[in-house]
Amino acid sequence: MTSFNEFAETCKAIEKISGSIETTRRVAELLRKVEVEELPLTTHFIMSEVFPAWSGKQLGIGTSLLYMALSKASGASVKSIEALVRTTGDIGETALLILKEKRKNQATFSTFFEEEPELSISEVYERFRKASEVSGKGSQNVKIKNLQYLFNSSSPREAKYIARLALEELRVGVGEGVVRDAIAKAFDVRVEVVEHAYMVTNDLGIVAAAAKEGGLEALQKLGIEINRPIKLMLSQISPDVEAEIRDMKEAAIEWKFDGARIQVHKNGDSVMLFSRKLENVTNSLPDLVDIVRKHVKAESAILDGEAVAVDEKGKPRAFQEILKRFRRKYDVEEKAASIPIQLNLFDIMYLNGRTLIDLPLLERRKALLSCVENSVENSRSIAVDEQVITGDLELVEKIYHEALRAGHEGIMVKNPESVYSPGKRGKNWLKKKPLMETLDLVVVGAEWGFGRRANLLGSYTVACYEPDTSRFLRIGKVGTGINDEQLKELTDMVLGLMGGEEVKGVFTVRPEIVFEIAFEEIQKSPNYDSGYALRFPRFIGIRLDKSPEEADPVQRVERVYSQQLKRL
Amino acid sequence: MLKAAINAELLKDSIAALAVIVDEVRFKISQEGISVKAVDPANVAMGIFELRAEAFDEYNADECEIGIDLNKISDLLGLADKTDTVKMELDENSQKLLIDVGGLSYTLSLLDPSTIRAEPRVPQLELPVKVVLNGLDLRRAVKASEKISDHMLMGVSDDTFYMEAKGDTDKVRLEMGRDQLIDLKSGDACSLFSLDYLSEIVKPANKANEVTLSLGRDFPILIDFEIANGAGKVSYLLAPRIESD
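For the protein sequence lines, the chains are A and B, in the order given.
For the first sequence, position 152 matches number 152 in our numbering, and the numbering has no gaps at all.
For the second sequence, position 114 matches number 682 in our numbering, and the numbering has no gaps at all.
Don't take every hint at face value.
Simulated coverage check for chain B against chain A, where a stretch passes if three residues somewhere in it have a Cβ under 8 Å from a Cβ of chain A [as the list claims (entries may be wrong)]: (1) 600-609; (2) 626-640; (3) 759-765; (4) 803-811.
The calculated lysine-lysine pairs, modelled on DSS-like cross-linking and capped at a C-alpha distance of 25 Å, are [claimed, not checked]: (5) K130/A to K596/B; (6) K12/A to K277/A; (7) K102/A to K734/B.
Rather than coming from a laboratory, the hints here were simulated on the basis of the structure.
Idealized CB from N, CA, C, for every residue including glycine.
Based on the provided sequences and hints, a complete structural model is requested.
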């Protein structure tokens, strides 16, 4: 077994390197050193994850649990740990400092054996796994003790990276790209081969182990496996779809449904469903399982599609309705009856033991049509979505407006010759949809951030204005779209306006600053006193030219909301 | 094979003594009795437990190992009267323990022992100092320390055993001379321990007239006491807090 210290040393080295060539070299060195059994873990660790994303396993260690474990390991109080996190802005650095201090740390029995065993990479993984799996009475305590064990069995330097891993935030700047290149370098195979193996397995850990064990040959043997989700192919917004279509000569045009992406795995009678984030959502959607089982005529298949929640007349409902279905754990059947789903399938990656992702879209389409039987039962349905191959821009425009009128998001423009590239966002799939609107909203609350943003205000509650009562009505929280520099500037500005009042971590801010906020949709919501909430709010900038009373009034919010409805 | 009957309170106390360390244990069963060795997930506290056949009203067993969820068994013993007799019978084929107490029959599913942490290796330690005292005195000192700190010093200087806790501002100290102790083997000893663990350990120790503490300098403490009128023994080994280098 490989010592965790090897891993920590690599992290320490690459933290200081800015160039990716040198980083890749160090990661490759680590991967070469690690034994094959530990290679998958190490590969995931270096990318800041404990479990592969597709496994659906959650580590579920929060900061308070981690602080508690560190406190018990070191004897330092949770308060002093929290204070140190504020100054260092980093749990790793905090763990290092706390455990290095001349304080009496908790010893473990390992200290009292003649040869103190070294902490191995697999033991770190095992402890994380135990902490994540335990549930029920006393489970909090077991989680804390397993983490405490790790802190007490490691050097302060190792503890730094254990603490960061526990929050799945290693901060060494190693992503999929570096690891892919490092695997190629470490085991002397071409990057393209590694890349392809990754696309079909969705797991660089499996790829690394195969490369080490069997080199090129083993990598080429890796394939898509049923019940192990594949990364979804993604689309990008194009500023000029028309030009792109002209370039393609002919494009495949499909509606972009306003629903939730879903990956369907069918294996005999068993059906598994994965969400966009590749979470297993099978149990929440028995109606989909049923309809797939009945109408997908294949022994085994992996399909890509969009699930849309509809009303009794088959009209799409707001996006949040489909999420209600995906997240449902109890009374699943009842919810299935009250929110029927239409399943629109648009791609196929695997059929009867054969991987199809390297075939052009048109070929995959044929395979898809060959195994899906369109069917409507009451409002529930399963269908291969309509696709038009055309270069006629007027026709494209017409389809686009039809999609919007039907209550969907817009259209997808796909290159008919393109392969299915899991996890890739590229020009082969483009989307066209209406531009996002913006609202000018007033900052009325703020929350401290976590991790890298620990000593900054990371999230801002924004509100619209109600002229009749001169009140500010909350409509959402925004934390995305703000770069580090802006975040510092905003923190300084907002700190001066913060009162002492706090509800659930949100501090009241005197309404003075106006933000311009972009969003994708307005939803009705009981959570905010405006009665509305923004979907995907994004910070655009500060409207220094506007006073809080000039912020958008609640009437404008209502107007935008009803315009959205008209589109339906 | 296991077929046994035992006083409910004794079994309850035994389970509670183990629950200090872990939630799930492997019971080693033999003709001589039942024994357990377990270490807590943090590798800081160990429990070594034995209950010999004489402690039971009726005992018949062959060598085997079973996995028990202590929370489950202590829940069902919660309903028993102190004077009840608990009858147990192991069904090895179905891996169930049939438990009969106060007219209620339980069928308890056992855990697969291989899923429970293996018996820990026990470090060989030279602990030069021995202090024998009443369980109540130990508990009193721990209770007092809990009020002001989360750790407690235990040591011997000259012929006095002391327990001391320091908080941010306050301090509490209990000293016991040779005449207040049941027995003392004096020497150099002084170690610091987490009250997290001590507070739990003194609960079962509280009932014992004689508790033996074995100590060293910056070394683990061994806490021993008898149960079931000498037909059983509980030992805890607790790692200290020490300054790391």
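We went through each hint and held it up to the structure:
For the segment 600-609 of chain B, the stated coverage by chain A is satisfied: 3 residues place a CB nearer than 8 Å to a CB of that chain, which reaches the threshold of 3. Note: the segment 626-640 of chain B has 1 residues with beta-carbon separation from chain A under 8 Å; the three-residue rule is not met and the coverage is violated. Restraint check on the segment 759-765 of chain B versus chain A: 3 residues with Cβ-Cβ distances below 8 Å, three needed, restraint holds. Using a Cβ-Cβ cut-off of 8 Å, 6 residues of the segment 803-811 of chain B lie near chain A, which meets the minimum of three, so the contact claim holds.
For the hint linking K130/A to K596/B, the alpha-carbon distance of about 24 Å falls within 25 Å, and the restraint holds. Taking the CA atoms of K12/A and K277/A, the gap is about 31 Å. The hint is violated against a cut of 25 Å. Proposed proximity of K102/A and K734/B is supported: the alpha carbons are some 17 Å apart, at most 25 Å.
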